[in-house]
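Novice: Residue numbers (the working numbering), protein chains in the order written: chain A, 52 to 473; chain B, 5 to 372.
Treat the hints as calculated values from the structure; they're not laboratory data. Heads up, a few of these hints could be off.
Keeping only pairs whose Cα atoms sit at most 25 Å apart, straight-line, the calculated SDA-like set for lysine to any residue is [unchecked claim]: (1) A:K266 <-> B:V334; (2) A:K266 <-> B:L329; (3) A:K266 <-> B:R328; (4) B:K245 <-> A:K266.
Here are the computed distance ranges between Cβ atoms for each label pair [claimed, not checked]: (5) B:V334 <-> A:T105: 51 to 61 Å; (6) A:V86 <-> B:Y178: 19 to 29 Å; (7) B:A24 <-> A:L308: 49 to 59 Å.
The C-beta atom is built at its ideal place from N, Cα and C for all residues, glycine as well.
Next come the chains, spelled out residue by residue.
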Amino acid sequence: MNGDSWRDVLRRFAGTSAAERLFISVAALALSIVVGAGVILAAGWMATCGAPATIDIPLFGATLSITLQAFGEPICYDPVNVYVTLFTGAFGDILSNPTNFSFSLTLKETTLLVFTGLSVAIAFRGGMFNIGTQGQLVLGALASALATVTVAPILPAGLVGSIVVIPFALLVGAIVGGLYGALPGALKAYADANEVITTIMLNFIATQVAFYLTKYHFQNPGSQVVQTRSVPGFAQLQPILFGEGSGFSLLALVLGLALAGGAWLLLERTSLGYDLRTSGLQPEAAEYGGVDADQTMVTSMALSGALAGIGGAVWVLMAIGSYQVGVPSYGFDGITVSILAGNNPLGVPIAALLFGVLKSGSLAVQFAGGVPQELSGVLRGLIILFVAMPEFFRMLGERLPSAESEQSAPVATDGGEGGDEE
Amino acid sequence: MIDRSALDRETIRYALAGAAGGLVVLVAIGGLIFPGSIAGIVLNRAVSQSTVSSALRLSVPIVFAALGGIFAEKSGVINIGLEGLLIIAAFVGVLATDMLGAGQALVSVVVPGLGTVPIGNIWLGFAAGILSSTLLALLFAVVCIEFKADQIIAGLAVWLIALGLAPFGAKVVYNRPNTPSVGTFDNWTVPLLSEIPYFGDVLFNASPTVFMMLFAVPISWYALFRTPFGRWVRASGENPKALDTAGVSVRRVRYSAVLLSGVLSGIGGAGLTLGTGTGNFVGGGTVNGRGFIAIVAYLFGNYNPFGAFGASMLFSTLDALQLRLHGLGVPSSLIQTIPYVTVIIVLALVGRTQIPEAAGEYYESGEE
Numbered sequence: 052m053n054g055d056s057w058r059d060v061l062r063r064f065a066g067t068s069a070a071e072r073l074f075i076s077v078a079a080l081a082l083s084i085v086v087g088a089g090v091i092l093a094a095g096w097m098a099t100c101g102a103p104a105t106i107d108i109p110l111f112g113a114t115l116s117i118t119l120q121a122f123g124e125p126i127c128y129d130p131v132n133v134y135v136t137l138f139t140g141a142f143g144d145i146l147s148n149p150t151n152f153s154f155s156l157t158l159k160e161t162t163l164l165v166f167t168g169l170s171v172a173i174a175f176r177g178g179m180f181n182i183g184t185q186g187q188l189v190l191g192a193l194a195s196a197l198a199t200v201t202v203a204p205i206l207p208a209g210l211v212g213s214i215v216v217i218p219f220a221l222l223v224g225a226i227v228g229g230l231y232g233a234l235p236g237a238l239k240a241y242a243d244a245n246e247v248i249t250t251i252m253l254n255f256i257a258t259q260v261a262f263y264l265t266k267y268h269f270q271n272p273g274s275q276v277v278q279t280r281s282v283p284g285f286a287q288l289q290p291i292l293f294g295e296g297s298g299f300s301l302l303a304l305v306l307g308l309a310l311a312g313g314a315w316l317l318l319e320r321t322s323l324g325y326d327l328r329t330s331g332l333q334p335e336a337a338e339y340g341g342v343d344a345d346q347t348m349v350t351s352m353a354l355s356g357a358l359a360g361i362g363g364a365v366w367v368l369m370a371i372g373s374y375q376v377g378v379p380s381y382g383f384d385g386i387t388v389s390i391l392a393g394n395n396p397l398g399v400p401i402a403a404l405l406f407g408v409l410k411s412g413s414l415a416v417q418f419a420g421g422v423p424q425e426l427s428g429v430l431r432g433l434i435i436l437f438v439a440m441p442e443f444f445r446m447l448g449e450r451l452p453s454a455e456s457e458q459s460a461p462v463a464t465d466g467g468e469g470g471d472e473e
Numbered sequence: 005m006i007d008r009s010a011l012d013r014e015t016i017r018y019a020l021a022g023a024a025g026g027l028v029v030l031v032a033i034g035g036l037i038f039p040g041s042i043a044g045i046v047l048n049r050a051v052s053q054s055t056v057s058s059a060l061r062l063s064v065p066i067v068f069a070a071l072g073g074i075f076a077e078k079s080g081v082i083n084i085g086l087e088g089l090l091i092i093a094a095f096v097g098v099l100a101t102d103m104l105g106a107g108q109a110l111v112s113v114v115v116p117g118l119g120t121v122p123i124g125n126i127w128l129g130f131a132a133g134i135l136s137s138t139l140l141a142l143l144f145a146v147v148c149i150e151f152k153a154d155q156i157i158a159g160l161a162v163w164l165i166a167l168g169l170a171p172f173g174a175k176v177v178y179n180r181p182n183t184p185s186v187g188t189f190d191n192w193t194v195p196l197l198s199e200i201p202y203f204g205d206v207l208f209n210a211s212p213t214v215f216m217m218l219f220a221v222p223i224s225w226y227a228l229f230r231t232p233f234g235r236w237v238r239a240s241g242e243n244p245k246a247l248d249t250a251g252v253s254v255r256r257v258r259y260s261a262v263l264l265s266g267v268l269s270g271i272g273g274a275g276l277t278l279g280t281g282t283g284n285f286v287g288g289g290t291v292n293g294r295g296f297i298a299i300v301a302y303l304f305g306n307y308n309p310f311g312a313f314g315a316s317m318l319f320s321t322l323d324a325l326q327l328r329l330h331g332l333g334v335p336s337s338l339i340q341t342i343p344y345v346t347v348i349i350v351l352a353l354v355g356r357t358q359i360p361e362a363a364g365e366y367y368e369s370g371e372e
């Protein structure tokens, strides 16, 4: 591809809003990988190891070996190798064995992130920042586990029991998560309390309350860990096609994808969705058009919390089999997923897969004796940082000399933060 | 033009402060009359020297982050990443101190009259912590000012980067998400003044970071309301165009304000681990939302450093009390939610304060 046509592609990307967002997401991802490589090099310099890492570049049949060293200290990690391990580690031997353990781990992370990503996206589109997905997921998970443990003994085991108890558990998760999400929505609507702060505070409260309830009231007596009793086998989401113990169920992924489609339909094809979107983009215009802004805030946060709660229920029924304290940070990763997806429900599964790869792959990297898995947390922050600055990429695009000057409209990285500033 | 709702909020704020004061008085009276009651026990523990001095200690990171947040937001940049700045400074402070060797002194300065004075490595670690937080704030400033990023999302990014980077760094160096303990600052004791009964021990025999805080609050107030720099900062947040017309660069003022928020948060963060804490950094648990509590503190204090200090003392007193109420039979995990619940209640009652007119907005100079 020559320079001119590449520029055309860039220009065409910049022309339409959805495509521009896609471009920004891809560019942000690429830049995070580059900066992440710098972080890996720096970390490799701080770490102690016997011999420095080397990068081997095949060159006309010979191999060029670069030994990594800085200021006389060896650099222990080779970023190229780290990224290769990350990628191959996330997919495993997918060609010969599509249901291998590594890939199922990736899909497990992906599935859970679809729910939290959708949760953040729905709120965003309604003009609300839901940083509280984590707390809503935690309480949804706990409630779902407790409800299942309570109800399961009176149900017949087997398929009939599954058909009754699984939807019930998901519903309980959705209701509790939804109520906990509606709380900051109502606080914003009726008391003008900034939802960014209240949702973050509610995360801390949810963690502590869930710890208290689990430890002092619902502790599994036979366990060393602070956790509830396990839900019976028929209440768990079965790993169809994939191996036992992988913690992944195809059923849950299908549910996530269905919810993504449902969320898209809700936003784009229903009057409630229209209200949400207009409130998110132009609160004044929405109100002028007869939308009850207060109610919309509560509704979008309740929906958002319900999705997080379902995510919590799936975490219990699919991944853990009980509620356990120390819930992984699916809520915070959901923020990245949603922002990366341009807050579009249909983009969420793709962004979730990217992040699923990142999370399961970073485990493989750590296992291979290299960079700690916390690397995915660093990359999460970098991705958000770069997505937040579309202007950077636009400036980069404008540096390229062009025949006609073009004025593109500023992109909002969110679904309508504009209402917050008044 | 008088904003009605702002006026009401002001009333609510005073009513709330009055109610809090009234409650304290009620508990105090109840405690004095019935020393054996819960009120008596609470009063006894609340006014004990150890509670008051630990409240002062606990408020250090909150107050410094809040002061930083005030400067940034007054200049028109909402810095929601204060939590991240605290985290990175708290971690790097310990890391640098540990790498230098906490017990030794690497650098010494010659002071006329005093001879060669060694600077303990804890102080160098402290400086490294401040530097790291300032660099992260610089990144935030570039992203917001140069590349017109959404401030809230960029602030979240600062938080998440630090949240990932600190345990990542600890894992790289120590193979676990926590650091070992290094030494902390010795208390500074002011001769004579520390002999004053009750207050002497609380105010004049304390960590150096507590002294810094007690100085930083009035200095910040003075800088913000009595100096040209403070005037520019406030103008940059309220009416950047006017400031621009007056020939002062809005960009520069905003850069300085955001960097200042990095320096102040750095003192708070490094002070959290090296000044008043246990000298180690524990994964996600060390900072634990203090940066966000700081935001609420300055909102409640209406962007006034003294107000923010008062609000921070409210939160940290609750925090200090919850540590001392464990004996009363309420599980600690529930008591620990008290400061967070208080933040929500305060925010719900005070709501949105009069945020600077141009806060959150990108300003483009007319000359370009």
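Novice: Decide, hint by hint, whether the structure agrees.
Specialist: Hint check:
1. Pair hint A:K266 plus B:V334 holds up; C-alpha atoms about 14 Å apart against a cutoff of 25 Å.
2. Only pairs whose Cα atoms come within 25 Å are accepted, and A:K266 paired with B:L329 is accepted, the gap being roughly 19 Å.
3. Restraint check for A:K266 and B:R328: satisfied, since their Cα atoms lie roughly 21 Å apart, inside the 25 Å limit.
4. Between B:K245 and A:K266 the CA atoms are separated by roughly 57 Å; this puts the pair beyond 25 Å, and the hint is violated.
5. Checking the proposed 51 to 61 Å range against B:V334 and A:T105 shows it holds: the Cβ atoms sit about 58 Å from each other.
6. A beta carbon spacing of about 24 Å between A:V86 and B:Y178 agrees with the range 19 to 29 Å that was offered as a hint.
7. Checked against the hint of 49 to 59 Å, the pair B:A24 and A:L308 passes, with Cβ atoms roughly 50 Å apart.
Taken one by one, the earlier hints fail for this structure only at number 4.
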